[in-house]
Amino acid sequence: MFRSYFAAALRNLARNRLYAGVTIAGLAIGFAAAMLIALFVRDEYSYDRFVPGNSQVYRVSESILNVGERAIESDVTPMMLAPALKLDFRQVQYAARLSTANFPPSVQRGNFSAAEPNLGWADQDFFRVMPMPTIAGDLAGSLDAPDSIVLTRTVARKYFGRDAPIGEALLVDKHPMRVTAVLEDLPSNTHLISDIFASGRSPYSALTHLQQVDTPLNNVVATYVRLRPGSSVSTIEPQLPGFVRRHYALERYNSTWAKTKIIVRPVPLTAIHLRPSTQGAFKPAGDKTVIAAIAGVGVLVVLVAAINFITLMTARAGRRAVEVGVRKAAGASRRDLIVQFMGEAFLYVVFAVVFAIAIAELALPAFNALLQRRIAFDYATDPMLAAGIGVAALLVAILAGAYPAFVLSAFRPAAVLKGGLPPTGGGVGVRQALVIVQFAVLIALVLGAITIARQTWYALNQGMRLDKDQVLFIAASPCTDRLRDAVLTVPGVQRAACASASTLLPSLSNILDDSVIDGRHETMTIAPVDFGFFEVYGLKPLAGRLFDRSRPSDGFLAGSEVNPPVVINETAVKKLGYTSPQAALGHTVMWHFHADPTTAFGQDPARPSQIIGVIPDFTFGSMRSPIEATLYMVGPKVSYYSIALSAKLDGRRIPESLAGIDRVWKRIEGDAPIQRVFVTLFTLRLYIDTIIQGALITIAAVVALSIAALGLFALSAYTTERRTKEIGIRKAMGADTGDILRLLIWQFTKPVLWANLIAWPVSFLVLTGWLGGFAYHVDLAPWTFAAAAGAALVIAWATVFVHALRVARAKPVGALRYE
Amino acid sequence: MLKLTNVCKTYRTTDIETLALDDVSLEIGAGEFVAIMGPSGCGKSTLLNVLGLLDSPTSGAYEFFGEDVAGYPEKTLTRLRRDKLGFVFQSFNLIDDLTVAENVEVALIYRRDAGGERRSRVAEALERVGIAHRAGHRPQQLSGGQQQRVAVARALVSRPKLILADEPTGNLDTANGEAVMALLTQAAADGVTVVMVTHSLAHAALAQRSIKLLDGRVVSETLLAA
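So the protein lines, in turn, are chains G and D. Number 177 in the numbering used here belongs to position 177 of the first sequence; there are no gaps in the numbering. Number 120 in the numbering used here belongs to position 120 of the second sequence; there are no gaps in the numbering.
Some hints could be false.
Claimed, not checked - Here chain G is said to cover these stretches of chain D; the calculated rule only asks that three of the stretch's residues, wherever they fall, bring their Cβ under 8 Å from a Cβ of chain G:
no., stretch
1, 46-58
2, 69-80
3, 87-96
4, 104-113
Claimed, not checked - Pair by pair, the computed Cβ-Cβ distance ranges are:
no., chain 1, residue 1, chain 2, residue 2, range
5, G, A781, D, A114, 51 to 57 Å
6, D, G136, G, K288, 54 to 60 Å
7, D, T10, G, A14, 32 to 38 Å
8, D, L201, G, A410, 40 to 46 Å
9, G, R334, D, A182, 43 to 49 Å
10, G, L399, D, T76, 35 to 41 Å
11, G, T768, D, P73, 40 to 46 Å
12, D, G136, G, L753, 44 to 50 Å
13, D, T76, G, V802, 22 to 28 Å
14, D, D173, G, A787, 55 to 61 Å
15, G, R806, D, T10, 23 to 29 Å
Simulated from the structure, these hints should not be mistaken for lab results. As the structure is a prediction and not an experimental result, all values here were calculated from the model. All C-beta atoms in this analysis are idealised placements derived from N, C-alpha and C, irrespective of residue type, glycine included.
Build the full structure now, drawing on both the sequences and the hints.
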């Protein structure tokens, strides 16, 4: 019996190559896309699991709550936190800090040198907290010596051309360090970005520098702890509020900090990636909602493919009617036939899965390049993955096979054996509904892709409200007047000005202050800039004036009894309660400024300064956070108050200007490699995740579109064939080619129009929610809805047009033949 | 008004050439009721298709209401069908997805008649064939005789000059066959030319003239009634 079924199935497949091909191809492409999406989702949920014993490892983060302000979640903590935790809690076996330098150190071997932005300075217990796969050396003690350095395989090859240069020397900012261990390259699914780990015990290390200016208020390093085996974090957590009181003692500091509440929070290592985004994070965090949405898109793509399967199998049921009639007449029960057709569905799905695995393997390198990941597809050695694919395939076979089996097995033998097509009644309705669902999915995906693209474009362009065209960032620590003035002499450089980390990197660092104005306390961001900074970005004052280099009192003066004057932004005007920018001018604001970053801060007195101007809101940060109320001032040219030079170039002389800037750099800064990047490129990093989401959704939309187009092509071939008689009649009655074309095209237009009714409201809700995650965003434009509907219509028309035209032009006599 | 002169029609498949009409010449006058008879495969339906402009002769001339239609483009033939022709088929050929009234309306839609006008003529035609009470039903809900009456209504509704009926009673029982024949006879009496293919001698006897075909040739013509 099964042999007969199998033979019928295979021959049916072979005889109907077009339909079978379309069905299998659609399923295969859909499965392949779903597999890649599933790999991505799994990758997002597998962060940092490569660390042995990861369940005992925590990163300790802080929540900082200022009265009346949003809580700041910070991944960076004070220097003192790690040693204090180790001292106070017996459960902590090891604690270690990791700091990536603000300014990338230069690493040199022989004549070869490079800036290494991902060099991390780590405590000696770092690899005891987080052991990692090692290819050479003894990792546990690898950071014990002050001159020790640990490389990844790629970095080892970059400097030494081999994997295990143990004991060899490298110069880090000219200080010799010795390689003690070489790690496997870190997987892409880790929150860490470092590929060089240097001993924090070095007298030149960032940790050593930071130790000198350590206060509980200075959030500068990532803190990791490993708990003793058998210890639970729940035994530590209740004691943390007391720990904060003892070690932070905020009442010692100025009014801002005295009112601040700090919560110390151990975050499981494997949970770091999927927390909401935090200040000082090494990598953009994953967003569970977005991951769920992407997983949903994967399911939708498979749904579209499964719908193809169902529509094509049922639409063509008539062709199998005689077979069903004969089998039933020969005594087959309905159950027998259901088993047969389910078996066939399974056969199709098995073919599709085999092709899908091949497609996924071929596409994986490109997919990894897009996501900047190293995701593996080891179905042969990964039983979970193989089982997952198997279960998913079985599920699709059952769900997609059930309905066609039900329809086909229901034919009455007497009716089908008399000849002619069996009644199609209910099947048509279901098929129409499925085609509508397919189009609804398509329209929703197209809308999603358009909206993500629009928001990304907006965020990268108008959203920041800066004219960043042809502006170059040059990292400098610190950015000095000398460097600025030298760069200004380069031909083609139109303007140049330094700025602070809190101006240029608001997502990584900002300086909050309790400012007093007209007797009211408000939390403000202090953002040091340089003379001429606003002018570089084309910002014009809304009221008052900008900083004027010819007035020395506009700038920071060491030892002065007053703070330098400030320019505030529109948000600050509103927060301070002034009715207009004009009204804010001339008022005096009291604020604290920690002028010398080489000393510990927190004890500076509040000093008065004057509001001299108001500028429009702008940001170098992400559109996800609102622009803060900000006081801009001309700061001292030291460390992070002056971290980079912005230089506006003449668009026609860029190569010449860049060469000139490089020469100036060499003259002033010597051998240190120059770090320069155009601002437009620099800001891209804020939206890499959004761009990747957009690309994923776009790819999914294109895949779903091609699958649906394939299915529609076959379905239209079939239905036009089925309507041949009707078309013959209509032509006999005098319908011309145009009439028939309109008739057939309308048949496939209706489902698209219905699909909009489903897709529009659903997309509206989902996309409104997504855009709600941005403080500044585009609105859902009506034209995007029309465009998505239009795209679906064009696809529908394009796929049916060929068949429709062929049938519409045929002579009616063929259609009406009945003898 | 219908004049075939030396019309031949061959069908070619990959290896066989079939001569479906072999040098057929005949003339049919306005308002005439002609029956075409002959065994299966003798070319009756081909002749009807040629007469109805659904198929074109391989050679020979066809004068359709004074126009030589040989070599006319499909567009013109479509227009002529739309304005002058009505069809009744043995297998009814009603569109399953449309109601009875909509099926009848199909014959008017492509003439771009106004909607109100169309509806009143459809109602009138359904009245005439005695099926007005089933106007909202689907074809499958009707008996064969009822379906064929709908088909006749569809042929009549456009007030054609020529009705071509291909074994209109072939799938019907005697009573229903008589009813359909009565409708066609009445149409002829009203001045419409009717050409009917039939196997039934009794029904052929209702025509004014009977033409017998064999192997694609006209073998006899019989004038029956005045």
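Taking the hints in turn, this is what the structure says about them:
1. Residues of the stretch 46-58 of chain D lying with their CB closer than 8 Å to a CB of chain G number 4, which satisfies the three-residue condition for coverage.
2. With 4 residues having a Cβ less than 8 Å from any Cβ of chain G, the stretch 69-80 of chain D passes the three-residue criterion, so the hint holds.
3. Three residues within the 8 Å Cβ limit are the bar, and the stretch 87-96 of chain D against chain G gives 8, so the coverage statement holds.
4. Only when three residues or more bring their CB closer than 8 Å to a CB of chain G does the claim for the stretch 104-113 of chain D stand; here the count is 5, and the claim holds.
5. A hinted range of 51 to 57 Å is violated for the C-beta pair A781 of chain G and A114 of chain D, which are about 41 Å apart.
6. Against the hinted window of 54 to 60 Å, the Cβ-Cβ separation of G136 of chain D and K288 of chain G comes to about 55 Å, which satisfies the hint.
7. For T10 of chain D and A14 of chain G, the hinted distance range of 32 to 38 Å is satisfied, since their beta carbons lie about 35 Å from each other.
8. A hinted range of 40 to 46 Å for the beta carbons of L201 of chain D and A410 of chain G is consistent with their spacing of about 44 Å.
9. Range check, R334 of chain G to A182 of chain D: about 47 Å between beta-carbon atoms, so the 43 to 49 Å window is met.
10. Taken as a hint, the range 35 to 41 Å is violated for the pair L399 of chain G and T76 of chain D, whose Cβ atoms sit roughly 53 Å apart.
11. Range check, T768 of chain G to P73 of chain D: Cβ separation about 55 Å, and the 40 to 46 Å hint is violated.
12. In this structure the hint that G136 of chain D and L753 of chain G lie 44 to 50 Å apart at CB is violated, the actual value being about 26 Å.
13. Range check, T76 of chain D to V802 of chain G: about 26 Å between beta-carbon atoms, so the 22 to 28 Å window is met.
14. Distance hint for D173 of chain D and A787 of chain G: a CB-CB separation of about 59 Å, consistent with the stated range 55 to 61 Å.
15. The supplied range of 23 to 29 Å is met by R806 of chain G and T10 of chain D, whose beta-carbon atoms lie about 24 Å from each other.
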